[in-house]
Structure formats: structure tokens, C-alpha cells
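Asks: Turn these sequences into a full structure, and let the hints guide you.
So the chains spell out like this:
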Amino acid sequence: MNFIGMNVIGTDQFDRASIDKVLDTAKSFEDVAQQKEKTDLLRGKILASLFYEPSTRTRLSFETAMFRLGGDVLSVTEAMTSSLSKGETLADTAKVIDQYADVIVVRHSDEGSAEEMAVNCECPVINAGDGANQHPTQSLIDMYTMREECGQIDGLTVAMAGDLKYGRTVHSLVHLLKHYKIKFIFVAPASLQIPDKYLKDIEYEQTDNLEEAMAKSDVLYMTRIQRERFLDKNEYKKYKGVYVLTKRMVLNVNEKIKILHPLPRVDEIAKDVDELKNACYFRQVQNGVTVRMALLALVLGKA
Amino acid sequence: MNFIGMNVIGTDQFDRASIDKVLDTAKSFEDVAQQKEKTDLLRGKILASLFYEPSTRTRLSFETAMFRLGGDVLSVTEAMTSSLSKGETLADTAKVIDQYADVIVVRHSDEGSAEEMAVNCECPVINAGDGANQHPTQSLIDMYTMREECGQIDGLTVAMAGDLKYGRTVHSLVHLLKHYKIKFIFVAPASLQIPDKYLKDIEYEQTDNLEEAMAKSDVLYMTRIQRERFLDKNEYKKYKGVYVLTKRMVLNVNEKIKILHPLPRVDEIAKDVDELKNACYFRQVQNGVTVRMALLALVLGKA
Amino acid sequence: MNFIGMNVIGTDQFDRASIDKVLDTAKSFEDVAQQKEKTDLLRGKILASLFYEPSTRTRLSFETAMFRLGGDVLSVTEAMTSSLSKGETLADTAKVIDQYADVIVVRHSDEGSAEEMAVNCECPVINAGDGANQHPTQSLIDMYTMREECGQIDGLTVAMAGDLKYGRTVHSLVHLLKHYKIKFIFVAPASLQIPDKYLKDIEYEQTDNLEEAMAKSDVLYMTRIQRERFLDKNEYKKYKGVYVLTKRMVLNVNEKIKILHPLPRVDEIAKDVDELKNACYFRQVQNGVTVRMALLALVLGKA
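Chains as they are written, first to last, in numbering that gives the first Met the number 0: chain A, 0 to 302; chain B, 0 to 302; chain C, 0 to 302.
It is possible that part of the hints are untrue.
Since the list gives no way to pick one copy over another, a pair counts as held whenever it fits inside one copy or between any two copies.
[Claimed, not checked] Simulated crosslink set (EDC-like; lysine to aspartate or glutamate; CA at most 16 Å straight-line): (1) LYS94 with ASP271; (2) LYS35 with ASP101; (3) LYS94 with GLU29; (4) LYS255 with GLU274.
Quick caveat, the hints were computed from the structure, so don't treat them as lab data.
Replies: Quick look at the structure:
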């Protein structure tokens with residue numbers, strides 16, 4: 000797989016070799032990401048960071064990655080109310096931004112929007128979330144974190160808990176982890192369990208008992224119940240507090256389990272969990288910069 | 000004409016020599032704009048990009064130009080709701096920003112606002128559109144595109160179609176093209192024809208027949224019917240679809256005509272026109288960066 | 000006092016030696032601030048500029064300071080409507096941004112918010128205003144301006160006029176000036192006079208007569224009556240025009256008095272005052288960049 004000029008739209012496009020390539024490249028950028036080294040690798044290159052839908056965390060992660068590599072950033076957060084929407088199609092917007100930027104990162108509420116931009120651009124487009132559809136870079140970050148924290152990915156038992164029905168990050172991560180030898184445990188109330196279509200070709204269990212799952216797992220991937228995906232506010236309230244991880248639970252059930260979370264959390268991980276060495280979610284944020292550095296450098300042919 | 004420290008407010012201030020100077024300087028930046036070369040010409044210089052009115056396209060064009068020249072950008076898109084409006088006059092805002100930036104680009108809904116900023120600043124101010132008044136850099140880009148696509152400007156027959164009554168870009172462009180030997184054909188329904196005041200000292204025809212005009216022209220300058228300039232929505236709907244350029248029309252009537260458009264388009268140019276080599280409007284976007292690089296470098300004394 | 004890694008949250012943390020250190024460092028950056036010299040002192044460093052509450056002036060001042068020192072800027076102005084508020088605590092936001100930035104500047108409407116971020120970050124946090132509470136960098140800028148304009152701070156008589164009850168900048172400035180030999184004259188209508196708690200350990204007079212105070216002072220520190228601090232709009236209107244400084248007043252009463260204002264002004268300083276050499280408020284804006292350069296360099300250990 001040749002990354003130069005490649006669009007990063009969905010998890011479908013990654014096989015095991017290409018995932019490993021991203022993770023290995025990320026590893027090679029660790030010293031720069033942690034500022035032990037500086038680089039001008041992307042000096043003179045411009046990232047257009049287009050956030051049609053607010054996601055400050057993801058935006059800053061990509062922009063930090065670009066800055067750490069010496070590049071510049073065009074930042075658009077006013078997209079929905081701007082001239083970009085003066086009746087113009089997304090295809091035309093893509094063709095225009097293509098004249099400015101060397102690489103585009105796009106977040107948009109519509110499924111397929113990143114792909115639509117990509118087919119209209121010569122420069123590479125990276126999907127930073129297109130509605131309920133895909134958010135592939137998050138999954139690569141999750142995997143990088145697992146590898147860093149556990150030594151390797153093959154052989155892990157991974158419990159995933161929370162909103163497995165609507166959780167985009169869960170779906171993408173399952174898709175990528177299929178390329179490795181993983182045992183999944185899906186932890187959710189029946190009505191929020193993972194849709195069947197994601198279960199093909201994987202080894203898995205399903206349960207609604209978080210502690211049982213934790214006892215058997217190397218990694219716990221917690222997720223937020225996403226208010227914005229529920230049309231019915233009462234439905235949201237019903238599920239909001241269903242799983243709350245506490246320090247005591249971790250120490251009682253499996254004190255070594257690696258705890259990941261794509262953030263932001265609401266109350267599904269109690270604050271006292273932060274004190275544990277195996278609470279990995281803020282290191283996961285740091286890994287976000289590292290993995291995105293790798294992706295930017297790869298698609299720009301500078302890795 | 001000395002460009003160092005100059006404000007770029009309206010088309011009135013340009014004569015033929017100064018237009019040529021901008022276009023020639025732009026030409027000299029082509030390799031940098033297209034990234035065949037890098038430069039640090041404006042390293043350490045700061046552009047304040049003040050968009051009181053949203054115009055993401057124009058904003059990104061200027062910011063890209065600044066980055067390609069090695070400079071930094073202060074970007075303000077929240078101007079209308081910000082501290083800049085805590086009852087402060089535009090004159091005071093100008094005097095404050097003047098302490099931060101080396102050059103200011105301003106977009107504002109009020110006519111005369113760019114001039115008002117300029118008289119209160121020591122640093123050069125570039126008008127990126129002040130209401131229905133002026134947008135001089137767009138016209139310079141249009142002319143650069145004509146020169147690049149046709150070889151030279153003198154001798155061209157230029158058809159301008161669409162909303163010639165309210166279209167700011169049309170008015171500014173006519174004003175600048177007066178300095179060259181041009182034959183104009185103004186194509187619009189009677190009620191959207193170009194106001195008489197723009198017709199002084201030029202050679203022109205007026206018609207409502209687009210194909211007739213195209214047959215006789217070297218350049219077709221299409222414009223959008225601007226919804227935001229119509230108070231009456233029914234009036235807008237009536238004119239919206241009056242001219243729609245298609246690939247077939249171009250091939251039938253004048254297959255070599257150079258097609259320009261300041262963008263965004265709504266539906267006045269069908270998507271299949273994009274396939275034609277003489278569809279110039281996305282190259283025009285690229286030229287926008289090049290010409291703005293020239294202007295930034297000229298007013299900062301670095302061309 | 001060691002500045003490396005230090006948070007700048009409130010005026011309490013400054014003693015005379017540390018104030019002098021900031022002012023002396025700022026002085027050493029004058030040539031860079033005024034662009035007689037360039038520097039790459041903060042090359043590769045990232046400032047996260049988080050404006051939960053709009054304050055474009057302050058934001059641009061910090062961002063300019065960072066650019067003049069060669070650093071990069073992550074700019075967040077959409078904070079209140081963004082993913083940063085997807086139910087996430089400010090503590091978690093801090094821990095996330097800490098993974099991206101080398102130094103954080105935060106403006107927030109809640110008192111104590113800057114401190115809350117600081118305790119959750121490893122990187123230094125600078126308070127750019129937390130509600131009605133503190134805005135320490137403004138006070139350092141005011142003092143730098145007094146020292147530059149008057150030669151030294153000790154021995155000055157400083158008249159402060161306007162909204163002394165709610166004016167955060169006045170309160171912070173009094174607090175810092177306590178470390179020097181100053182005589183204060185507080186000029187306000189009785190109901191907007193400075194609260195007693197700020198009067199401890201200082202030499203002062205109180206009056207509602209601006210001209211009397213000016214006649215006896217070296218410095219006049221004018222402030223805006225802040226509409227946004229009044230719940231009752233009629234109350235605001237009553238006080239809005241109570242003090243209006245004119246050029247004639249200055250020339251009649253004390254033509255040498257140095258006039259400072261933290262800006263924005265509404266109508267408390269007439270425009271004709273700008274013509275006076277001793278109108279210092281736009282130089283004060285320039286000093287804002289210089290002092291913030293000093294603070295950024297100091298907390299990052301690069302001064």
C-alpha cells in the first residue's frame with residue numbers, strides 16, 4: 000500500500016500491513032511528538048482543517064500534529080455559517096480548498112462527505128468524522144495505544160463497554176482489530192448492543208455485566224453514551240449512568256486492565272480512576288498527535 | 000506608483016502601470032505559489048485577517064498567500080460578536096490591530112469600512128470586500144487569469160453575464176479593464192443590466208442573449224445571482240436560473256471561449272462545463288493565491 | 000521567584016522582585032516587539048489560546064506575542080459551542096489541551112477557571128481574564144507603560160477614574176502597585192467607588208471630581224463603564240457619560256499627565272485626546288505584546 004497522496008476515509012481501506020505501517024511510522028515520530036526533537040519535515044506545507052461540525056479536540060490534535068512537523072494550518076470552524084455555504088456544493092468547496100492546501104482534514108455531519116471531498120480533490124483528504132459513519136484516525140490511535148500499553152495487539156482480549164449501538168469509534172475499532180488475533184467482549188444493555196453486522200469473522204462474547212467482562216480482559220475500551228445521537232431525551236437519561244467505572248472496581252476486579260476511552264467522558268469513568276497507572280486515556284490523547292503526525296507525513300510523502 | 004506601505008482599497012487607485020506591476024509581480028511568484036520553490040520572504044511578518052462578514056474562501060486565499068511567503072496569520076472570524084464590538088469604533092479597532100500586525104486584510108459589510116481602517120493605521124490595509132462597494136483584489140485576479148489564459152489583455156472581447164446590476168465583482172472588473180483595449184458585451188435581463196455609470200469611456204454592447212454574446216467573445220465572465228443582495232425572495236427566484244451555461248452550449252457556440260467565474264457558483268455553470276479545458280474558474284482560484292502573494296509582498300516592500 | 004513552568008493566575012503571586020523581573024524582561028524584548036530584530040526563541044513551541052469568552056483584543060495580543068517569538072498558535076474561539084463542552088469538565092479539557100500545547104492562555108467567564116485549568120495541567124497556564132476576578136497580565140502591561148512613560152514607578156501619583164467598583168483591571172492594578180511607593184486618587188461617583196477591601200495598606204484619596212484629581216496626578220488611568228457588568232440597563236445609562244476626558248480638559252488642568260486606558264473605550268476619552276503626546280493608550284496596546292512576550296518566554300524558560 001502506497002500512502003503518498005492517499006485519502007484516509009474509512010477503515011475499509013486498511014489491511015494489516017497498512018495499519019502496521021501507520022503504527023510504526025507513528026512510533027518513529029515519538030521523540031518529535033514529545034519534543035525531544037524538532038523537525039521541519041512539513042515546512043512550507045499547508046493543512047486545511049475544515050470543521051463543519053464542531054470538534055475542537057480533534058481539530059487541535061490534527062493542528063498540533065501539523066505544527067510539530069513544521070507546517071502551517073488554515074483553520075475553518077465557521078464553516079456552517081460561512082461563504083462556503085452560499086449555495087455551493089461540497090464538490091466545489093473541495094475543488095477550491097484544493098487550490099490552497101496540501102492536505103485537507105474534514106469533519107462533517109453528513110455521511111459520505113469526506114469521500115465526496117476526496118473525489119473532487121487532488122490533494123489528500125483525511126476524514127475526521129463524517130456523521131455516524133467513520134472516524135478512522137481515532138481507531139488507529141486506539142490501536143497505537145493498545146500496542147504501546149500492552150506490547151502487542153495480537154492475543155489481546157478487549158472489552159468494549161457503553162453505547163455499542165451508536166458508537167462510531169467502537170464500530171471502526173472493531174473493523175480494524177479484525178486484522179489481528181483479538182477476543183472481543185461487548186458489554187452493553189441489550190438495546191445498546193453492537194449491531195450484528197459488525198460481528199462477522201470475529202471471536203466474541205456479549206454481556207451486560209461490566210465486571211465479569213473486565214475480569215477476563217486485557218483492555219477495557221469505555222465509551223460515552225452520546226447524547227447527540229439520541230432523538231429521545233428520556234431514552235438518553237435511562238442509559239446515561241448504566242456503566243460507571245470506579246477506581247475500586249478496577250482494583251477489585253482486574254487491577255492491571257488497560258483503560259482506554261476516546262474522550263470526552265461524561266461520568267462513565269469516575270475521576271479517581273485517573274490516579275491509576277493503567278488509566279491510559281490521557282496518554283491516548285498524546286498518541287493522537289503522534290498517529291496524526293504519521294498520517295500527515297505519510298500522505299504527503301515525507302515519512 | 001510606489002506600493003510600499005500602500006493601502007489597497009478600491010480600483011480607482013490603479014492605473015495601467017500599477018495593474019501591470021501587480022500582474023508581473025504575481026507572475027514572478029508562480030513557482031512559489033505552485034510550490035516548485037519555497038520562500039521566507041515574509042518570515043516574521045504578521046497578517047491580521049479580519050473578517051467581520053463571513054467569506055471563508057477569500058479569507059483562506061489571503062491566509063494561504065501569507066503562509067506561502069513564510070509569514071504568520073492572526074485570524075479573526077468572530078468579529079461581530081467579539082470584544083471588537085464592545086461599543087468601540089472601527090477607528091479604534093484599527094489603531095489597536097495596527098499595534099499587532101504588519102498588514103491588515105479586512106472584510107466588512109459596511110461601505111467605506113476598509114478606508115476608515117486605513118486612515119487610522121500605519122500598516123497597509125487591503126480591502127477584501129466592503130459591502131456592495133469594492134473588492135479590488137478579486138478584479139486583479141480576474142485580469143491575471145485573462146492574461147494567463149489569453150496571452151494578453153489588450154484586444155479581448157469580454158462578455159459579462161448574470162447580475163450586472165448588483166454584482167460588485169463585475170463593476171470593479173469593468174473599472175480596471177478600462178485601462179486596456181477591451182470590447183465589453185454585457186449580458187443580462189433588462190432589470191439586472193449594468194448601471195449606466197459604469198459605461199463611460201468604454202466600448203460595449205448590451206444584450207439579454209447569452210449565446211449571441213458568447214459567439215463574439217474571447218472571454219465569458221459568468222457571475223452568480225447573489226441571493227443576499229435581493230430584499231425580495233421572489234425577485235431572486237425569478238432571476239436565479241436565467242442563464243445556465245452548459246458544456247453543450249460552449250461546444251456549439253464557441254468552444255474556445257475562456258470561462259471565468261469569481262465563485263461560488265450556484266447553478267449558472269453546469270457541472271459538465273468543468274471538463275472543458277477552457278473552464279478557467281478553478282485555476283482562477285489558484286491565481287487568487289498568486290496575486291494576493293504579490294500584493295502582500297508589494298505593500299510590505301518585499302517584492 | 001522562578002518563572003519556569005509557572006502559572007500566571009492572579010496578582011497575589013507577584014512581589015516587587017517578580018514584577019520587576021517581568022518588566023525588565025519585557026524591556027529586553029522591545030527590539031523584537033518593534034521588529035528591529037527577529038528571534039526564533041520559541042520556535043517549535045505551541046501556545047493554546049483558549050477563549051471561552053470573546054476577547055479578540057486580548058487574544059490577538061497573546062497570539063502576536065507568540066508569533067513574534069517564532070512560536071505557533073492553536074486558537075480556540077468557538078469553545079462554548081464546541082466539543083469542549085460535550086458535558087466535559089474543565090479539568091478534563093485542561094488535561095487534554097495539556098497534551099497538545101506547551102503553554103495555555105485561557106479566558107473564561109467563571110471565576111477560578113484559570114486556576115482550575117492550571118491544577119490539571121503540567122504546562123504553564125496564563126489567566127487572560129476569569130470573569131470578574133483577575134486579569135493579571137493587563138496590570139503588568141499598565142505598570143510597564145507607567146515605567147516607560149514616567150521613567151519609574153516609585154513616587155507617582157496615580158488617579159484612577161471610572162467604574163472602580165466593578166473594574167477588574169483597576170482592582171488588579173492597585174494590588175500590584177502596592178509594592179511601590181504610590182499615591183492613589185480614586186475618582187468615581189459614590190456608588191461606583193472602589194470597594195474598601197482594596198484600600199488596605201495604601202496611601203489614597205477618594206473624590207468624584209476628575210479635574211481636581213488630574214491636577215495633582217502624574218498618571219490618569221481611565222476606565223470604561225462596563226455595560227456587561229450591569230444587570231440594570233438604566234443604571235448603566237446613568238453612569239455611562241459621567242466622566243468624559245477632552246483635550247481641552249487635559250490642556251487646562253494638567254497638560255503633562257500621562258493618560259492610560261486598558262481599552263476598549265466607549266466615550267470616556269474624546270477622540271481629540273488622541274492627538275496629545277501624553278495619550279499613552281495605543282502605546283499601551285503595543286506594550287501588551289511586549290509584556291506578553293516576556294511572560295511567555297519566562298514561563299517557558301527561554302527568557
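Asks: Now look at each hint and say whether the structure bears it out.
Replies: Checked hints:
With identical chains, the CA atoms of LYS94 and ASP271 are at most 16 Å apart between copies only, with a shortest distance of 14 Å across copies and 48 Å within one. Within a single copy, LYS35 and ASP101 get their C-alpha atoms only as close as 27 Å, which misses the 16 Å cut-off; across copies the closest is 13 Å, which meets it. Taking the shortest alpha-carbon separations for LYS94 and GLU29, neither the intra-copy value of 34 Å nor the inter-copy value of 19 Å comes in at or below 16 Å. In this homomeric assembly, LYS255 and GLU274 come within 16 Å of each other (Cα to Cα) only inside a single copy, at 13 Å, whereas the closest approach across copies is 59 Å.
Taken one by one, the earlier hints fail for this structure only at number 3.
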